[in-house]
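Throw the hints in and build the complete structure from the sequences for me.
Here are the chains, one letter per residue:
2 protein chains.
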Amino acid sequence: MSDTQNGQNRGASRRAFLRGAAATGVGLAASKAAAEGSDPLITEKQEWAIYTGAGVDETPYGLPIKYEGDVIRRNVPWLTADPISSINFTPIHALDGTITPQGCAFERHHSGAIELKKEDYRLMINGLVDQPLVFTYEDLERFPRVNRTFFLECAANTGMEWAGAQLNGAQFTHGMIHNMEYTGVTLRTLLEEAGLGAAGDLSDKWVYVEGADASSNGRSIPMEKALDDCMIAFKANGEALRMEHGYPVRLVVPGWEGNMWVKWLRRIEVTAQAIESREETSKYTDTLADGTSRKWTWVMDAKSVVTSPSPQSPIKHGKGPLVITGLAWSGRGAITGVDVSIDGGKTWQKARLANEGQSMALTRFYLDTTWNGEEMLLQSRAHDETGYVQPTKAQLREVRGENSVYHNNCIQTWHVKANGEAENVEVSS
Amino acid sequence: MSDTQNGQNRGASRRAFLRGAAATGVGLAASKAAAEGSDPLITEKQEWAIYTGAGVDETPYGLPIKYEGDVIRRNVPWLTADPISSINFTPIHALDGTITPQGCAFERHHSGAIELKKEDYRLMINGLVDQPLVFTYEDLERFPRVNRTFFLECAANTGMEWAGAQLNGAQFTHGMIHNMEYTGVTLRTLLEEAGLGAAGDLSDKWVYVEGADASSNGRSIPMEKALDDCMIAFKANGEALRMEHGYPVRLVVPGWEGNMWVKWLRRIEVTAQAIESREETSKYTDTLADGTSRKWTWVMDAKSVVTSPSPQSPIKHGKGPLVITGLAWSGRGAITGVDVSIDGGKTWQKARLANEGQSMALTRFYLDTTWNGEEMLLQSRAHDETGYVQPTKAQLREVRGENSVYHNNCIQTWHVKANGEAENVEVSS
Chain A
9 MSDTQNGQNR GASRRAFLRG AAATGVGLAA SKAAAEGSDP LITEKQEWAI
59 YTGAGVDETP YGLPIKYEGD VIRRNVPWLT ADPISSINFT PIHALDGTIT
109 PQGCAFERHH SGAIELKKED YRLMINGLVD QPLVFTYEDL ERFPRVNRTF
159 FLECAANTGM EWAGAQLNGA QFTHGMIHNM EYTGVTLRTL LEEAGLGAAG
209 DLSDKWVYVE GADASSNGRS IPMEKALDDC MIAFKANGEA LRMEHGYPVR
259 LVVPGWEGNM WVKWLRRIEV TAQAIESREE TSKYTDTLAD GTSRKWTWVM
309 DAKSVVTSPS PQSPIKHGKG PLVITGLAWS GRGAITGVDV SIDGGKTWQK
359 ARLANEGQSM ALTRFYLDTT WNGEEMLLQS RAHDETGYVQ PTKAQLREVR
409 GENSVYHNNC IQTWHVKANG EAENVEVSS
Chain B
9 MSDTQNGQNR GASRRAFLRG AAATGVGLAA SKAAAEGSDP LITEKQEWAI
59 YTGAGVDETP YGLPIKYEGD VIRRNVPWLT ADPISSINFT PIHALDGTIT
109 PQGCAFERHH SGAIELKKED YRLMINGLVD QPLVFTYEDL ERFPRVNRTF
159 FLECAANTGM EWAGAQLNGA QFTHGMIHNM EYTGVTLRTL LEEAGLGAAG
209 DLSDKWVYVE GADASSNGRS IPMEKALDDC MIAFKANGEA LRMEHGYPVR
259 LVVPGWEGNM WVKWLRRIEV TAQAIESREE TSKYTDTLAD GTSRKWTWVM
309 DAKSVVTSPS PQSPIKHGKG PLVITGLAWS GRGAITGVDV SIDGGKTWQK
359 ARLANEGQSM ALTRFYLDTT WNGEEMLLQS RAHDETGYVQ PTKAQLREVR
409 GENSVYHNNC IQTWHVKANG EAENVEVSS
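Order-wise, the sequence lines are chains A and B. FYI, the numbering used here numbers position 292 of the first sequence as 300, with every residue one higher than the one before it. FYI, the numbering used here numbers position 34 of the second sequence as 42, with every residue one higher than the one before it.
Simulated from the structure, these hints should not be mistaken for laboratory data. There could be a bad hint or two in this list.
No distinction is drawn between identical chains; accordingly, a pair holds when it is met within one copy or between any pair of copies.
Pairs of lysine to aspartate or glutamate residues, derived as EDC-like cross-links and limited to a Cα-Cα distance of at most 16 Å, are as follows [unchecked claim]:
1. 324 - 127
2. 324 - 431
3. 125 - 78
4. 74 - 127
5. 303 - 287
6. 125 - 55
Below, the structure written as structure tokens:
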């Protein structure tokens with residue numbers, strides 16, 4: 009009953025807006041036209057209501073409708089030095105909910121996306137194990153499977169922003185992320201299959217994982233994490249992994265930087281110490297303000313971004329009712345809350361979480377508000393279950409300086425202008 | 009610790025199988041070859057480990073790798089009389105987890121899938137409302153949004169099986185279903201926007217919903233359901249609805265038969281009684297054993313199916329460790345358990361649910377077992393939170409006879425032969 013009351017109260021204000029008493033925009037135009045019975049889209053027969061549409065034979069595997077042709081992965085040509093473009097970004101400014109469709113889910117590779125048949129796939133487990141083993145793809149399908157939904161974020165996501173606001177769109181500043189439901193076997197299951205007796209005390213042991221591509225992209229992972237929640241995944245969002253996401257098998261390392269989620273997973277070696285490979289020494293370490301570097305920064309700290317309005321998703325309807333929405337995530341657990349500011353962080357409002365935060369998965373937030381048509385400095389701030397609060401860029405720079413590349417989880421600011429357009433900016437505090 | 013023990017015990021048996029002590033199959037071949045150092049896929053350099061793979065520029069919106077070309081929607085030509093093929097099926101035999109990717113998610117239409125631009129979209133609410141309203145797509149984006157994951161099942165799913173085992177594959181017997189995360193506005197929000205004061209007592213009122221396509225596919229829905237959990241959805245699995253799923257806007261009617269989830273939603277009329285439209289009189293009623301018909305059978309009762317092994321997903325690896333998996337769902341709430349039988353229903357084993365059942369969404373189940381190589385009559389049986397147990401075909405026929413089309417949620421049987429191939433059969437009980 010009070011629900012209905014609230015609904016009707018909320019409805020009343022919006023009804024006024026739809027009647028045109030308050031706001032401008034398509035909504036008003038449509039509603040007035042409708043009221044006057046002068047909107048041909050309502051009063052006239054439309055061809056789609058007369059003729060038969062398309063059949064289904066042409067689309068054994070379908071693609072988005074042509075009108076959504078701008079919702080695609082995009083890259084930043086100057087970003088990587090590779091001979092071929094080696095990274096692109098999820099169009100998060102145009103998506104909603106939490107699942108990322110594979111077709112537009114960001115990808116990053118170090119030596120190209122390879123075509124590896126299931127029949128040619130082999131996974132070796134060696135090193136400090138009781139019995140070195142090699143698994144075919146079909147072998148993997150014979151072990152107990154789990155289903156878990158996790159975000160994958162590249163350590164370099166937002167990395168271009170350390171020295172200042174660079175890229176004008178949430179897709180480019182925060183689009184090195186996706187969120188999928190994975191199906192596979194736990195890494196624990198396979199390690200125990202090979203037997204860990206030979207490793208002795210597991211507390212100081214590591215696993216070294218590498219891929220079948222030319223880069224091999226080898227990374228060291230502490231045994232504790234390997235046995236905790238890592239997965240050998242062969243499906244994402246129900247279907248086989250896409251080539252660019254590691255088909256037929258990739259490693260899933262929940263909450264940790266994306267480069268450790270080794271694609272085309274070829275080998276897992278149980279070792280007595282970290283390998284200190286290229287990817288964890290010359291790359292993927294964090295430069296600090298004093299010029300030294302910090303290594304083993306695996307976890308992606310709590311972070312959030314407003315996806316709409318944003319530079320690629322301006323306000324087109326003028327003042328009045330406005331839905332502000334975005335994504336929040338934490339590699340340390342579940343998101344417990346998100347605050348939104350329209351004045352550059354001076355004051356904050358509590359956003360509504362679409363659903364209860366899930367550990368190490370994307371959380372969608374909304375702020376249902378009314379825009380007065382004035383400029384906004386739009387920010388979001390995430391809280392996770394450990395009590396951690398997403399920091400400002402100034403707070404991060406005190407420790408990290410401006411020459412870092414990775415792990416930039418600072419609060420993002422969009423300058424929304426009176427005309428509804430938005431721009432990537434920095435605020436002093 | 010006991011986890012590790014269990015893991016090692018379980019591992020021990022499978023390790024024996026991998027060493028070749030027990031079973032035949034690819035797993036053995038690979039492991040033996042590896043042990044002998046004679047598997048060129050391990051001992052020789054592979055081209056994918058030498059040369060640079062593909063870049064990302066070619067795939068602004070990606071498709072599955074070519075090796076997965078058989079994981080597609082398929083139709084049954086003789087099934088529908090329409091001039092154009094008007095239904096196809098999800099390849100559930102090849103999927104895992106619970107999310108259905110849009111690209112291979114089944115579709116059914118009554119007069120073709122239409123191309124309707126967002127700019128040309130209008131939604132009218134009229135009838136017993138305080139203020140008739142017309143919404144543009146942009147208007148809808150200005151109301152508070154919700155995110156919910158639901159299954160959609162066609163009332164005719166498994167309908168071809170009433171008279172006996174017809175179609176040889178889970179895709180064809182049970183593939184008129186998909187499961188997606190929807191983003192949109194609740195129907196309650198829009199009805200309260202128009203104002204329900206004029207409707208008076210809501211307990212006996214209805215809404216009549218119709219689409220913008222030539223069929224209009226009008227259906228009557230009790231006001232109680234309309235205000236409970238129905239959604240005006242504009243996104244699925246994060247992205248815009250696909251054309252064949254109702255772009256730009258469809259109705260979501262959780263747990264109820266798919267034909268009520270009106271696509272290209274054009275109009276919602278609040279009425280004093282059901283309209284008794286073609287789609288709810290001449291169609292979508294259930295013939296009973298005595299020749300009469302039952303109408304208003306909206307809810308999809310609890311149901312399940314083993315997706316692998318199945319006719320399109322035979323056992324190729326011979327005896328030994330086997331993962332039996334499938335899907336379960338209920339339109340009345342959450343799945344609380346699934347039983348699996350390998351002897352045609354004489355004895356049952358409790359399957360493992362991948363995750364806790366979610367209300368009116370697909371639940372994935374697994375039975376991690378060891379196949380002795382003998383024939384199986386494989387079945388699954390779902391239980392939901394209301395205490396309802398999925399019935400046998402014999403039990404359903406006592407009430408419905410054999411001439412029905414819709415709402416066949418009977419237990420399915422696959423005859424798995426000694427060579428691992430499977431076939432759609434019926435068992436007497």
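| task | Determine which of the earlier numbered hints do not hold for this structure and return their numbers in increasing order. | result | none
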